[in-house]
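Protein chains in written order, with our numbering: chain A, 1 to 160; chain B, 161 to 571; chain C, 572 to 675.
For the record, the hints were derived by calculation from the structure and aren't laboratory data.
Sample of chain B residues at the chain A side, in silico, Cβ under 8 Å:
{"no.": "1", "residue": "Asp274"}
{"no.": "2", "residue": "Ile307"}
{"no.": "3", "residue": "Asp308"}
{"no.": "4", "residue": "Leu312"}
{"no.": "5", "residue": "Ser319"}
{"no.": "6", "residue": "Thr320"}
{"no.": "7", "residue": "Glu322"}
{"no.": "8", "residue": "Phe326"}
{"no.": "9", "residue": "Met327"}
{"no.": "10", "residue": "Trp330"}
{"no.": "11", "residue": "Ile345"}
{"no.": "12", "residue": "Ser368"}
In this text, a Cβ means the ideal position worked out from N, Cα and C, and glycines have one as well.
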Amino acid sequence: MSSAAFVLITVLTLAAALAAATLQKLMHATLSFALTLVGVAALFFLLGAEFVGLVLVFVYIGAVAVLIVFTILLTRRDVGKDRGSNWGGAFLAVAVFGGLTWAILKTQSVAIVAPHIRALTVKRIGEALMTSYVWPLQCVGLLLTAALIGALVLVMEEKR
Amino acid sequence: MINQSIDGFLHPNVSKSVDQIFVNAKQSLLWLLSWLTGAPDWVIQVASSLINIFALLFVFLTLFALMSVLERKILGRIQNRYGPNRVGPFGLLQPVADGIKMLIKEDIVPARADKLVHFLAPILIAAAAILALGVIPYGRNMTPFTIDGGVLFFFAVGSTTELAVFMAGWGSNNKFSMLGAMRAIAQMISYELPLIITVLPVVMVVGSLTPDRIVAAQAQYTFGFVPRWFVFTPWGATAFILFFVSGLVESNRTPFDIPEGESEIVAGHMTEYSGFKYATFFMAEYIGMFAITGLAATMFLGGWHSPVQALEFIPSYVWFLAKLSALLLVYIWLRGTLPRTRIDQIMNFAWKFILPMSFTCVIAAAVWHYAGRGLRGWLWSFLVIAIAYTVLSMLLDTQRKFAPRTYRFAE
Amino acid sequence: MTPTLQVVLIVSAALFSAGLLAALSRRHAIFILIGIEMMLAAANLNFIAFWRFSPQSQSPTGVMIAIFSIAIAAAEAAVGLALVIAVYRHYRTTNVDHLDQLKG
Chain A
1 MSSAAFVLIT
11 VLTLAAALAA
21 ATLQKLMHAT
31 LSFALTLVGV
41 AALFFLLGAE
51 FVGLVLVFVY
61 IGAVAVLIVF
71 TILLTRRDVG
81 KDRGSNWGGA
91 FLAVAVFGGL
101 TWAILKTQSV
111 AIVAPHIRAL
121 TVKRIGEALM
131 TSYVWPLQCV
141 GLLLTAALIG
151 ALVLVMEEKR
Chain B
161 MINQSIDGFL
171 HPNVSKSVDQ
181 IFVNAKQSLL
191 WLLSWLTGAP
201 DWVIQVASSL
211 INIFALLFVF
221 LTLFALMSVL
231 ERKILGRIQN
241 RYGPNRVGPF
251 GLLQPVADGI
261 KMLIKEDIVP
271 ARADKLVHFL
281 APILIAAAAI
291 LALGVIPYGR
301 NMTPFTIDGG
311 VLFFFAVGST
321 TELAVFMAGW
331 GSNNKFSMLG
341 AMRAIAQMIS
351 YELPLIITVL
361 PVVMVVGSLT
371 PDRIVAAQAQ
381 YTFGFVPRWF
391 VFTPWGATAF
401 ILFFVSGLVE
411 SNRTPFDIPE
421 GESEIVAGHM
431 TEYSGFKYAT
441 FFMAEYIGMF
451 AITGLAATMF
461 LGGWHSPVQA
471 LEFIPSYVWF
481 LAKLSALLLV
491 YIWLRGTLPR
501 TRIDQIMNFA
511 WKFILPMSFT
521 CVIAAAVWHY
531 AGRGLRGWLW
541 SFLVIAIAYT
551 VLSMLLDTQR
561 KFAPRTYRFA
571 E
Chain C
572 MTPTLQVVLI
582 VSAALFSAGL
592 LAALSRRHAI
602 FILIGIEMML
612 AAANLNFIAF
622 WRFSPQSQSP
632 TGVMIAIFSI
642 AIAAAEAAVG
652 LALVIAVYRH
662 YRTTNVDHLD
672 QLKG
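Pulled out of the complex, with its shape left as it was, chain A reads as follows (with noise of 0.2 Å):
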């Protein structure tokens, strides 16, 4: 992995996620989300896992951003605006992000290289989605239609 690259994507990342978390106009916000979404997607091509990053360009930007976009379009009555940050909740989210890389940093079991592995082929995926966890498969399957069906549902405007 060159770190150099790591080092971009990782600042870029967490800039858009700030942003998405503290920006005011809300379309700014959700296309700050798309951009952390991207940078997540990179670090994931960066970890080995492509076929992974990949699904994430796909479902997320390809399909939730979307979603979020149309919903902020049909859900507003002037052009959105909302209350960047309080204080309570940036106590919280910093407290928490301390908690965690103090847990982190004093544990020395993860203060570990990468290690030189297989590259995982996008066959070998498949071979494991078809046979070890095929009944996981057809259970997001069927969570996906119960989900589609619902939102449906949800929105269907009520026969007069």
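Model the placement of chains B and C on the given structure of chain A, informed by the hints.
What follows is chains B and C alone, placed relative to chain A:
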């Protein structure tokens, strides 16, 4: 790791050097670079990627310029008039004139538009289109970037186009732009699902998401002269037609050009863009077209393989370009011939016809595979597709009786 | 610096805290959803990091969990956004501070 190409040259010495001329040129350039500068390994890798990118950009921007004038000339001929024929021989230097015009136009941004979003939208849409070009095999050993899940990368990048279209529509602070963007996104999302599901039989039969392997799986010839392209199987032919139609919709081309219907909504999400930004949208649309036709040629038409074994001495990139040009010609032909469909007709077509037919293609491909891949498989899968098509047509045919045709002439 | 597992975990923790900040301090319901999605993405990053740095990586367990988690997050986002639209239809507001009819 993945680049296993089939070496089936008929005349080994001559045709191989012509076929691999670009690959050899790039290798010698890289060798020269490393000999001159003695740079470490990663610099050479970065230089190799940069050479790939610049070659890709050069070829496709030239093709874009050529196609913009050829489209106008062919449309003109279909409509019984000359196309542009003033600038240069046969009007072929028209893109230069167009480029200069676009560059010197004043860049107008609406006063209350969101400046950052308005600026970023054409850049993002052009970036997505050019990224998608990077995984298509253009010739033997000539894929710019070999990614293991190449097909998934193509579709993932293509799906970010929707967000960029929305940014364009919203950033213009214009109700018509917003409406145009919403219609465009609705259309693109509806047809993205058939686009992916029609590619699924090919991926299933080949067993890999890498475009190089998919091209290599179509390399053989039955009886020596019929190529084993996937378009010659029943599920492949149906999937190719459905993929082609979905590609038409994804590129916002007539008959599905509701988002840019000039007579209805001015220019949809591109209304408030002038000058070079409009040229960027234009370029992104054409490059998206190249990407989709390139993928169609890779998946169904055998990529860079030649149709008959006797003609294998013609270089692979020439064959790819020929297939690309044939598909683009059909795009232009459809634009000149068909009227625009309504938005609700487009949606009905997507969800009620194309999606069930694409699922049928997946089933038919499985039937073809398990009935042996020969004549029996062909007949069984043809039967599956014929039954599904007949049932769907009967279910969707709402008006069976047509009134006798009457003519009304001016008195 | 070469990325050790600690660095990647700290990045994931930072992303999680940013999502927590968004979820806790926003008034618009959609923003809370965005915060939740960011927290889920941070958790996925954690899984992939542990998979990558673990000594035996033959079984793609971390990758599998991440794939299923992305699918489930998408389903949950869809249903959440449908809920927001349904609530907006009735109450004409997306400010979660105003949705207090069950209080007290």
